[in-house]
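If you're matching them up, the sequences are chains W and H in order. Going by the working numbering, 152 is the number at position 152 of the first sequence; the sequence numbering is gapless. Numbers in the working numbering are just positions in the second sequence, counted from 1, shifted up by 329.
What the hints contain is simulated information worked out from the structure, not anything from laboratory work. Glycine included, C-beta positions come from ideal geometry on N, C-alpha and C. Each hint should be verified, as a subset may be incorrect.
To be verified - Pairs of lysine-lysine residues, derived as DSSO-like cross-links and limited to a Cα-Cα distance of at most 27 Å, are as follows:
(1) H:K352 - W:K300
(2) W:K299 - H:K352
(3) W:K296 - H:K448
(4) W:K206 - H:K352
(5) H:K352 - H:K448
(6) W:K206 - H:K450
(7) W:K206 - H:K448
Claimed, not checked - With the C-beta cut set under 8 Å, the calculated list includes, among others, these residues of chain W facing chain H:
(8) F95
(9) L102
(10) P211
(11) L214
(12) I260
(13) P277
(14) I281
(15) L284
(16) I285
What the hints assert, rightly or not - If we take Cβ atoms under 7 Å as the criterion, some of the chain H residues that face chain W in the derived model are:
(17) Q343
(18) L350
(19) L358
(20) G360
(21) S383
(22) Q388
(23) D389
(24) L408
(25) I409
(26) D421
(27) I464
(28) A468
(29) A469
(30) G471
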Amino acid sequence: MFDQDKLIHTKIRNSRFRGLWLLTLNLVLFCPIAAMATETVTATTAAASSTWWIWPVSLFVVTLVMGIVAVLGGIGGAVLYVPIISGFFPFHLDFVRGTGLLVALSGALAAGPSLLRSDLANLRLAIPVALIASTSAIFGSMIGLAVSTNIVQICLGITVLGIVALMFMAKKSELPDVPKADALSSALRIYGVYTEGSSGQTVNWKIHRTPVGLAVFIIIGFMAGMFGLGAGWANVPVLNLIMGAPLKISVGTSKFLLSITDTSAAWIYFNQGCVIPMIVIPSLIGIMLGSFIGVKILKKAKPAFIRWMVIMLLIFAGLKALQKGLGIM
Amino acid sequence: MSEESVVVNTHHEQVIYANILEKGMYLGLGGLIVTFGLYVFGVIPSAIPLAEVSKYWSQDAHSYLEAINRDFLHLDHPLIGWTWTTLLRKGDFLNFLSIAILASLTILCYLAIIPSLLKKKDAVYTLMTIVGVVILVLAASGILVVGGH
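Based on the sequences and whatever the hints tell you, model everything.
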């Protein structure tokens, strides 16, 4: 009888998460406010001027939902923000990318303290990775602001969809099998313990293939700066599948990493004038409030649920990037 | 050193980092809300009128900066780098202050954990953290110039 009650309780809890996921996905993908905003673009300049307030209100609502989804998916809100806002709002890509980096940065800043205190983000893992990624992000942002983005958008879409394929093929990504820590991670003492919130189980973890993982972060940082997309979409698979960190540590550390990696790139965009307060502030407030809500849910969410959410988000982001790169309307 | 003790030490630095990050994040977020309120409700006059902003945001950043300088700011050069600090009396550019605070938090957090790393004689992580600060300060300085599209 007790087991039956437990089973029913688990099913109810799982269905709540599924319902939340479907609701947030629908809100992001089919947000009526975004659709309304698109139609408004076609109106005359005079009409647009008299209804200027619709833009900050629309941005706030859309980014609030994005903030929740981004934390649960272990990605920066920017990977959703850049394709969706550039697709449905009339802003130039320069401002969308600049804001996208600030969105990813702010979401990470909001989630960071809680992730660090709960050991879901690991500072010893983050510091060497961030050093490499933030340096290459500077170069990426400088080049991204100097060249056309069509070709690189196509490459990005293919890369993200490739990561999704890799995640589908991986068999042990929730708690990867790491028989022995490699020499570099042992020397840097990168290992830790966290408590799995959904089961109360204590998990000891270590990583391997650290040199390969760090090398991949050169590319990730570069692309993050170049596209203004943050880097969570790639951080999670590399930390989890290549370096062998548990999925929850990968998700938490990835989110925290964005607060460092995107800082360097965001400053480049900020200093080049790619920031308009009317676009940036409603987006930042929305994403930060969404992140607060997302972190509360993350502590109780199951790894399998998070994994599927990451996959769904990556598929959408990859297709959107391909669509933009190929100019398909 | 046992694995368990290392975890405890790491957690101590994470708490230092988290505490500063949290305070700065609240300061930045509060600042964003206040300055944006002052801006959109017209308490502090903006350099670019609210109803006019939408006429410019579909241009690329370079054209946008030239256009707003020509039409509103009338500076010797278009606004790049830290020039915005000279326009803090304007509601729209006052918002940049909160953005700059948020973008500077990682630098502050890194600086805050350096004493703890030094105390533990963790030379490798001390060096990585210092280099990280230098890189972020370089990015923030505005020294790195980008060519247009």
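Now the hints, each set against the structure:
1. H:K352 - W:K300: holds, 25 Å
2. W:K299 - H:K352: Holds, at about 22 Å.
3. W:K296 - H:K448: With a Cα-Cα distance of about 34 Å, the restraint between W:K296 and H:K448 is violated, given a limit of 27 Å.
4. W:K206 - H:K352: This hinted pair is violated, its Cα atoms lying about 31 Å apart.
5. H:K352 - H:K448: OK: H:K352 and H:K448 at ~24 Å, within 27 Å.
6. W:K206 - H:K450: This hinted pair holds, its Cα atoms lying about 23 Å apart.
7. W:K206 - H:K448: Given that 27 Å is the threshold and the Cα spacing comes to 25 Å, the pair holds.
8. F95: The hint holds - W:F95 has a Cβ within 8 Å of chain H, the shortest such distance being about 6 Å.
9. L102: At 7 Å from the nearest chain H Cβ, W:L102 passes the 8 Å test, so the hint holds.
10. P211: With Cβ-Cβ at 15 Å, over 8 Å, it is violated.
11. L214: Hint violated; W:L214 Cβ to chain H Cβ min 12 Å, cut 8 Å.
12. I260: It holds, given that the least Cβ distance between W:I260 and chain H is near 5 Å, below 8 Å.
13. P277: holds, 4 Å
14. I281: At 4 Å from the nearest chain H Cβ, W:I281 passes the 8 Å test, so the hint holds.
15. L284: Result: holds, 6 Å to nearest chain H Cβ.
16. I285: Hint holds; W:I285 Cβ to chain H Cβ min 6 Å, cut 8 Å.
17. Q343: Holds: closest Cβ of chain W sits about 4 Å from H:Q343, inside 7 Å.
18. L350: holds, 5 Å
19. L358: holds, 6 Å
20. G360: violated, 10 Å
21. S383: holds, 5 Å
22. Q388: With a minimum Cβ separation of about 6 Å from chain W (threshold 7 Å), the hint on H:Q388 holds.
23. D389: holds, 5 Å
24. L408: Constraint on H:L408 satisfied, holds at 6 Å.
25. I409: Holds: closest Cβ of chain W sits about 5 Å from H:I409, inside 7 Å.
26. D421: With a closest approach of 5 Å, the H:D421 hint holds.
27. I464: holds, 5 Å
28. A468: For H:A468, the interface hint holds, since the closest Cβ of chain W sits about 4 Å away, which is under 7 Å.
29. A469: At about 4 Å, which falls below the 7 Å cut-off, the nearest Cβ of chain W leaves the hint on H:A469 intact, so it holds.
30. G471: Hint holds; H:G471 Cβ to chain W Cβ min 4 Å, cut 7 Å.
The structure is inconsistent with the numbered hints 3, 4, 10, 11, 20, although it conforms to all the rest.
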